[in-house]
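Asks: One-letter residues, chain by chain:
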Amino acid sequence: MDMMTFIQATINGLMIGGIYALIALGLTMIYGVLKIINFAHGEFVMLGMYVTYVAVSTTGMSPYLSILITIVFMFIVGALVQKYMINRILNAETLNQVLLLAGLSLFMRNLIMMIFSPNNQSINFGLSHYSYLISNYVVNAPRLIAFSVGVALCLFLYYFIKNTKTGKMIRASAQNRMGALLTGIDVNRSFIIAFGIGVTAAGIAGSLLATFYYISPTAGQPFVLTSFVIVVLGTMGNFIGALIGGLIIGLTESYAAIILSPSMKEVVSFSLFILILLFKPSGIFGGKKNETTI
Amino acid sequence: MKQQFSIDYLLSNWNKTQIRLLGIWFIIMLVLPLFIDSSYILHIFIATMIYIFVAQSWNILAGLAGQLSIGHIMYFGVGGYITTLLFVNFNISTWIGLLAAAVGGGLLGLFVSAVVLRYGLKEDYYALFTLAMSQMLLLIFMNLPFAGGAEGIYVPFRGSNFLNLQFESKLPFYYIILLFVLLLSYFVYRLMNTKMGLYFIAIRENEMAAEAIGIDIVKYKRYATILSGALTAVGGGLFTIYTAYAEPNLVFGFSQNFEFIIMAVVGGKGTIFGPIIGTMFLKPLNEFLRAAYGGTLPGLAYLIYGGVLAIIILFLPSGFMGLFRRLLNKFKKN
Chain E
1 MDMMTFIQAT INGLMIGGIY ALIALGLTMI YGVLKIINFA HGEFVMLGMY
51 VTYVAVSTTG MSPYLSILIT IVFMFIVGAL VQKYMINRIL NAETLNQVLL
101 LAGLSLFMRN LIMMIFSPNN QSINFGLSHY SYLISNYVVN APRLIAFSVG
151 VALCLFLYYF IKNTKTGKMI RASAQNRMGA LLTGIDVNRS FIIAFGIGVT
201 AAGIAGSLLA TFYYISPTAG QPFVLTSFVI VVLGTMGNFI GALIGGLIIG
251 LTESYAAIIL SPSMKEVVSF SLFILILLFK PSGIFGGKKN ETTI
Chain Y
295 MKQQFSIDYL LSNWNKTQIR LLGIWFIIML VLPLFIDSSY ILHIFIATMI
345 YIFVAQSWNI LAGLAGQLSI GHIMYFGVGG YITTLLFVNF NISTWIGLLA
395 AAVGGGLLGL FVSAVVLRYG LKEDYYALFT LAMSQMLLLI FMNLPFAGGA
445 EGIYVPFRGS NFLNLQFESK LPFYYIILLF VLLLSYFVYR LMNTKMGLYF
495 IAIRENEMAA EAIGIDIVKY KRYATILSGA LTAVGGGLFT IYTAYAEPNL
545 VFGFSQNFEF IIMAVVGGKG TIFGPIIGTM FLKPLNEFLR AAYGGTLPGL
595 AYLIYGGVLA IIILFLPSGF MGLFRRLLNK FKKN
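Residue numbers (my numbering), protein chains in the order written: chain E, 1 to 294; chain Y, 295 to 628.
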């Protein structure tokens, strides 16, 4: 592997890593606050893709403008799911929580399949095939924008959860439900906002992916396991961990694809996952304790 | 005699009640082919029973011992590939292949439990670990040239032969798989009355308390994983030999993975008859929907799966068997 291939692989890995980070951020938020592994996360990414697909193909608007629609739509979906489904099983056994979300993911995936057919779709817009050439390295424009938006959103959400009043309410509800209730925080509302934000992050990632990735009812699935890998690597519930984890996994897959073969990139990230689970399940920011609270 | 059929008796001897249900189900299934002359319907029932077998095997580990084996399909796929490869490449009898599958599944269970227990993975982390393992195996088999890679391997038909478990008609296979399901379900019933089965249940109910009263939880979790893994692998072998096809995405796939689990949960996990009633309800429904609407409304069959699962978890967390029990209780009060 010469230097040029290496740098090109680094660029590609970072680009996709930004999207991974945004997806993982949503997952880590949901886990950190609700202690629930969102098995339907990939389907929320897929829903975001279809929101953009419908918006762009019916009105011809820019896919980047459609993100605004995605935000509103996904937040409502997330809030409803939290209010009518997740909230009922917060204290149920883990298996039932996992299965409810698995059922929800089956439901959403097949609903979309029924409405839009199982075929792959894609959207075409001005920038679709535009690439920048920076001293011999190819940087695909939609990927670069997706990366920038993804990283910016990660940082914004980190600021939001740490410094705003709503963010502090969510953190308080996550850390000590009873204590938060006693100080007058509407815990249910915090949970709805947290789940809504988690789902919206996945949806925005979907909208950004739609600009350069194929759109299909099963397109979200590969991202579920990848985002599990990232959140465990970056410590479940840790925002900066999700960002760094996303970039690490993006780079790892990109290098594995050129060193071994493209079909082996997932083998490498799953091996990494199993090793982390075994030797450092608390992730890189976990410290000694299994601390998962955001 | 009369007392044995009172609601009180049925409720207080819940396992015996379920064994009676199993008996009734067995007799119905035994005479059913007399009234069916369509080999397609027979095929649906065979598929249903293979699924019951796997759902029941999962039930031992997750339902009885309470372990979150979410990626349970890894045992299924490994068993399927072992049986198929032995049969296709070395012409080894399917029965020996199934035995080898059980050994392979048991060894995988031993490995998983050894690793998981050594590193103390619990709950969410255990679930993620099993899921990652199943997807790893999917990718590995996808890249194994001798296992046919992504295209998978077809099982050639080598003539009607009991030793190969291949038959011209579907009827012999139907009765063999029926017997498999009956034996496994009866085994689960007996297991629930042995020391080991009771230990499993104690671990499920409260692991710390189980340990405190002196149950070697590491040992019994390992036993549960090996047992369940071996049986699931046999189910995988039966599946690939019956469908004559082993393909990574099919035998290690995500949707099939959850399908088995959904069936046991909808019927009632941790019960003897639950996986049977759940599968008998869902699998034929799914096959029917796929046959009727597969062309016009792709996805409808699995949409209903997902919906039923979500509704059951939200409103009937103990499944059909839990509902049945509640109804009996209501009758008793009236």
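Think of the hints as simulated: they come from the structure by calculation, not from any bench.
Remember, it's a predicted structure, so these values are computed and weren't measured experimentally.
Some clues are possibly wrong.
Claimed, not checked - Only pairs whose alpha carbons sit at most 30 Å apart, straight line, appear in this in silico DSSO-like list of lysine-lysine:
#1 Y:627 <-> E:280
#2 Y:416 <-> Y:627
#3 E:280 <-> Y:416
#4 E:35 <-> Y:513
Asks: Now look at each hint and say whether the structure bears it out.
Replies: Cross-check of the supplied hints:
no.: 1; hint: Y:627 <-> E:280; result: violated, 54 Å
no.: 2; hint: Y:416 <-> Y:627; result: violated, 41 Å
no.: 3; hint: E:280 <-> Y:416; result: holds, 13 Å
no.: 4; hint: E:35 <-> Y:513; result: holds, 29 Å
Hints 1 and 2 from the earlier list are contradicted by this structure; the remaining hints agree with it.
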